[in-house]
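Asker: As a plain string of letters, each chain reads:
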Amino acid sequence: MESKKPLSPHIQIYRWHISSLVSISHRITGIINIIAITLICLWVSSLLLGENTYETINLFLSSLMGKFIILGITWSFSFQVLSEIRHLIMDLGYGFELKITKITGLLVIFGSIILTVIFYLVGKNFI
Amino acid sequence: MVQINLSKNSQVKKGKYFKDKTGSKNLRKVNIYRWDPSSGDNPRIDTYEVDMDNCPSKVLDILNKIKNEIDSTIAYRRSCAHGVCGSCAMNMDGKNGLACTTPHDEIKGDINIYPLPHLKVKKDLIGDLDGLYKQYQSIEPWLKTNSKSDTKEIIQSKKDREKLDGAYECIMCACCSTSCPSYWWNGDKYLGPAVLLQAYRWIIDSRDEERQARLKKVADELKLYRCHTILNCTSACPKGLNPAKAIAEIKKMLATANI
Chain A
514 MESKKPLSPH IQIYRWHISS LVSISHRITG IINIIAITLI CLWVSSLLLG
564 ENTYETINLF LSSLMGKFII LGITWSFSFQ VLSEIRHLIM DLGYGFELKI
614 TKITGLLVIF GSIILTVIFY LVGKNFI
Chain B
21 MVQINLSKNS QVKKGKYFKD KTGSKNLRKV NIYRWDPSSG DNPRIDTYEV
71 DMDNCPSKVL DILNKIKNEI DSTIAYRRSC AHGVCGSCAM NMDGKNGLAC
121 TTPHDEIKGD INIYPLPHLK VKKDLIGDLD GLYKQYQSIE PWLKTNSKSD
171 TKEIIQSKKD REKLDGAYEC IMCACCSTSC PSYWWNGDKY LGPAVLLQAY
221 RWIIDSRDEE RQARLKKVAD ELKLYRCHTI LNCTSACPKG LNPAKAIAEI
271 KKMLATANI
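Line by line, the protein sequences are chains A and B.
Each residue of the first sequence is one higher than the one before, starting from 514 at the first, in my numbering.
Each residue of the second sequence is one higher than the one before, starting from 21 at the first, in my numbering.
Don't take every hint at face value.
As the list claims (entries may be wrong) - Rough simulated footprint, nothing fancy, chain A against chain B, three-plus residues with beta-carbon under 8 Å:
hint	region
1	24 to 30
2	51 to 64
3	132 to 143
4	199 to 208
5	220 to 228
6	265 to 271
If you are wondering where the hints come from, they were derived from the structure by calculation, not from laboratory data.
None of these values were measured; they are calculated from a predicted model.
Each residue gets a CB set at the ideal place from its N, CA and C atoms; glycine is no exception.
Isolated chain B (complex conformation) (with noise of 0.2 Å):
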């Protein structure tokens, strides 16, 4: 269901000023999103002054000073740092990206970081992915070969491979799906950019054989057709790949094929 304003728990209140305590005279203000479960209220945002002389130049770097020498009780998600694993996603300045590949430089006037759009808070920027990664098993990622024997090599021409490319790089950092409006509305049934992308990832890769099944599995007016275009996904994505093509090429392929 569309509901535009946050419930009452879910207000975000003004929060704590943590002022600059180096005397850098280069400082840029800093306002994370908070929410501590243990204390029952509303989340609020803290404002930092950081010390912009003595950080790194992305995002994860503002996160990481911040957590080491100002407030050590922030709780983000984060791992490799080169925006490979996608435990940083989170919403910078009013789009999500991973924080490890954002250059802070590009963001201007104060820094504004929120967890990800529409998802339940567990603490501060991390966000409940759970629905999520219950929709991706959903769509069984996983090569299905009943026909070939398990000890058997499985060919693929170039050609057929070359289709994967803008597929498979998917980190499921979910940039994309908690960027959707469509998604925001109808998380529980669409299945959201992140999802379809990988479902079309195994629709059309030539070694699986359960390619009828995999279309009719997922040509549902709530599952599929909530995609509406709006493109939120695909200027979201910080590995550049574009789930609404992919979408698109999923309705195509039920609007040719006889199913």
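Just chain A, same shape as in the assembly (with noise of 0.2 Å):
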């Protein structure tokens, strides 16, 4: 008879919020950064085989799909740089009230979006 009692539905029915979104967001973009600083190190450690391994790595970067992989992980980085200022304040008690985390969390979102593209400029201009 226990077994046989059906669970009631939940994430799928449940509406998202921002500050779920800005949450789950936070946790995937971590995972990301993991993966993108993993890769990362080895992109540097592979100059040690020579001007061959460099040369393919940057014809690949300069493709479309290598374009979009650096687009996503410097929006992945700045994502979860904000998200992190958002959680920090928040472990100090702070912006607890409902309207103020729906505020940072958009901070969060657009906030991220203009880091990406500052980021992204920055690096193709002055680097």
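Take the two lone chains, each set in its own frame, and fit them into one complex as the hints suggest.
Answerer: Structure, rendered in structure tokens:
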């Protein structure tokens, strides 16, 4: 009898809020960042293998797919940084009012897009 | 464990359709989660056409109208109808709340009513809250005074009393705990926002003498730190309380105190 009882629907029916969206994105970008950092380390170490490897990777990174990955990683880093600042402020006990969580959540989302553009432009033009 | 999909016996099927018989022009469709423990079938969604011209303003009024006039087999909990008892907590339009304080004209489109999320369903809109009550018991929600005598009044200053504001008003309707994804995945170990808010209420009570022991008891990777400030709890609370902030305060106390 016990096991026959169904479980009521949960994530299938629960409406997304800005705060829950930012929270889950924070975790996903965290995982992406760990993979990204590993890849960047591998990329740097691969330079030891000589010019040929460098050229191949360079070719890949300047392709459309490569550019997409670079932009993706830049966004993921930007999002993580801003969201972490939001979480640190919350850990201090501030910003728990519903209105403020909404505003800071939106700031994180739009801020991450703006930061991505800035990082990309700075990286492209000055480095 | 994180299990996103519903198991086979929990999957919701399409149910019956109850067409309007009053001939009213002001109709709304109400989709309600149904499960009959005696049938052995899967849960289903029944759809009711409800005459809104003769229906008071709250979602609970719709349910009462359906039970009285259309389909008497529907089961749900309700008692006070004034947002004090916490019986009619359910999921309406994808958000937890009390049916008796949620106006139906705030819901756009069809009205979808489900039981509180991620609970074992007893019947229709009635979820099994035994686990939550056991957890509530585990934090020992009563005043503990060992040194003071039983016959003398324990004085509390106005300032200390004010600390309980925002915590003592909780009616234990479970809207917050069942809105929390962390509680969905780890509800057997994580205490959840409702119980942690109550734990906080006793930790900060100036008259209580077991503050250290209470803090120590709750300081646990699974019991407390599964809160990832998703804040579904605060946005769900029908009494406008802030369980997420209370949990953050407990974490802060643990980070700063020497225990």
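Asker: Quick one: see if chain A covers the region 265 to 271 of chain B, three-plus residues with Cβ-Cβ under 8 Å.
Answerer: holds (count 4)
Asker: Are there three or more residues in the region 220 to 228 of chain B whose C-beta lies within less than 8 Å of some C-beta in chain A?
Answerer: violated (count 0)
Asker: Mind taking a look at whether chain A covers the region 51 to 64 of chain B? Criterion is 3 or more residues with CB to CB distance under 8 Å.
Answerer: holds (count 6)
Asker: Taking a Cβ-to-Cβ distance below 8 Å as contact, does the region 132 to 143 of chain B have at least three residues touching chain A?
Answerer: With 10 residues in contact (Cβ-Cβ under 8 Å with chain A), the coverage given for the region 132 to 143 of chain B holds.
Asker: Okay, the region 24 to 30 of chain B and chain A, do three or more residues pass the C-beta test at under 8 Å?
Answerer: Check passed, 5 qualifying residues.
Asker: Do at least three Cβ atoms from the region 199 to 208 of chain B come closer than 8 Å to Cβ atoms of chain A?
Answerer: Per the Cβ count (3), the hint holds.
Hint compliance for this structure: hint 5 is the single one not met.
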